[in-house]
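> Spelled out, the chains give:
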Amino acid sequence: MPLLELHRVTKRFGGIVAVDNVSLEIDEGDAIGIVGPNGSGKTTLYNLISGVYFPDNGRIIFDGKDITFLPAHERTPLGLARTFQIPRPFGSASVRENVAIGAMFGRAKLDVESALDIADHYLSIVGIEKLAEKEAKLLTPLEKRFMELARALAMKPKLLLLDEVMAGMNPADVDRIIEVIRRVKDEERIAVVSMVEHLMHAITRFAERVVVMHQGKKLVEGKTLDVLNDPRVVEIYLGKRVV
Amino acid sequence: MKIRSYKPLLPLFLIYALLILIAVAVPGMWQPVAFFMFYVALGQAFNIFMGLTGYVDFGYVAFLGLGAYGMAIAIKYFSSLGLISILLGILLAVVMSILLSLAVGAVALRLRGAYFAIATIGVNEGFRYLIEGVRLWGGSEGIVLSGLMRRTFGRETANLLSTFFSDILIIAIAILAAMTTIWILNRKMGYALLALREDEDAARVMGINVTKYKIMAFITSASFAGLIGAVAWTLKLTYVFPEDVFNIHYTVEAIVIVMLGGAGTLLGPVVGGLIYGVLKYYLSVVFPGIQLLILAPMLILTIIAFPEGIVGFIKKKGKKSRISYYLR
Ligand SMILES: Nc1ncnc2c1ncn2[C@@H]1O[C@H](COP(=O)(O)OP(=O)(O)OP(=O)(O)O)[C@@H](O)[C@H]1O
Ligand SMILES: [Mg+2]
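Those protein sequences? They're chains L and X, same order as listed.
Sequential numbering of the first sequence, starting at 1, is according to the numbering used here.
Sequential numbering of the second sequence, starting at 1, is according to the numbering used here.
Same shape as in the complex, but just chain L (with noise of 0.2 angstroms):
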């Protein structure tokens, strides 16, 4: 049984069809990348996994449930955990504090003392433990997405939604962010979902699988270097090859 099935999802915002019948399976411990120009619907398809929109049609099942219309907040401790490709901190909690409050409410479901403790193990783990006291508006856009990965692993899921986490990283901090992703994934068995939109060496390192999204659509899927070398896929990405 897979972990994520969608069904024909489809999802509207007036005229614009942002998700358009889209079907996809994710795994137990799949590592997918999912790329596509800008609007091509890849955060659209987050919202409806993580229930912050429910679809016009189709249905989301996760781990045997259908979750299509629940509340985004019963579906998270089911084991879903997202960042946003904009962050949003907590912004007058603490570092330590933002992602306590992810052990608190996501999977992991911890009282608060533990989740306090814990949440700076996480924030080793993505290397910005020295940040823990902060108050969470005062860090650089770059250091809130290191916050979000760290509250997302905090919460402990078994589906990971990452939207855009390395973008505007350094080529070291992507290097052990993607390691950070591999070896959580390999010990809790996890399914990471990422968009890595403008960094491809990320993408063919760390994606087993890719969903390529064109205007809505899925418009392939597929091994990662078959994919990322399909002609329809060089062709949306202006001619170029992308390897």
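Think of the hints as simulated: they come from the structure by calculation, not from any bench.
Errors might be hidden in some of the hints.
Stretches of chain L that chain X covers, calculated by requiring three or more beta carbons in the stretch to come under 8 angstroms of a beta carbon on chain X [said to hold, decoys possible]:
{"hint": "1", "region": "43-57"}
{"hint": "2", "region": "96-104"}
{"hint": "3", "region": "122-132"}
Glycine residues also receive a C-beta, built at the ideal position from the N, C-alpha and C atoms.
With chain L held as given, fit chain X with the ligands onto it using these hints.
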């Protein structure tokens, strides 16, 4: 439970102890201190909702008003039970406020931010017109209890109830409100509220049932308001008039106190309530009639200078020092 997380109660209880000492030891200070304590308690009660959730309830005084009526009704109809009627009044005040908060919360708390604030403006006015219009609970003549209380409780007891006992109860309510606040802050509920105050949508995605926590804070805050109305108004003044208690003026005062001291902090409403109460009291002694002209600009300037409130400001400055253990 870690003792450390309850340390911030220390400075707060010091302030209370000092106030009580002044009230008892300095002749003529009992009434002024009781006056300050009303604002301290009001700030604490309102902070549990406005401070912790970030929502502004312009109809807040309706909970105080209902509480006042709860106490009045209990005394009026059950005074034959003696002092038990006062207990009954306290109970009724809380129950009525909770019921109203459930009704308002179920509808209005689905709205975000400013929409919530606008929706709540009508609640208070609505109640006043209801009572006056259909002549509920004595209509605009209100409920006057002084004669009844003297007759049934005896002159001595009635006097003691309104000049001493009601003040003690207000102090007790302020203490209870502080303990409730830190209890909430230290629990998951406190972190859930912190998250939803900052970003409600992100909080939902993090697994937080935002509606549940908002309503819990709303009910708690409303119960304290009901208690304050019952004790500081009906029990102390021995009468209730709709235009006195359903008066938006008190909501505005509560907002000012919370902002002045620091929204969402434990000590903030105490500091804010004290500053506000002291200024209001002494300005009206020194500059009778024009006190508001002086008070309003002073408050505005303070809030501009300390946008996060006085306690919020100190908290930020003292982040790295030991003060931080005692501030929340
Ligand atoms: N809340 C919304 N209201 C209206 N339109 C929206 C909304 N969210 C997304 N859209 C539209 O849906 C389409 C898909 O947007 P989406 O953000 O999912 O794309 P994306 O693939 O994540 O793009 P990017 O690479 O720029 O992040 C776009 O045309 C966008 O304008
Ligand atoms: Mg996007």
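> For each hint given before, does the structure comply? Return the numbers of the non-compliant ones in rising order.
Result: hint 3 breaks, nothing else.
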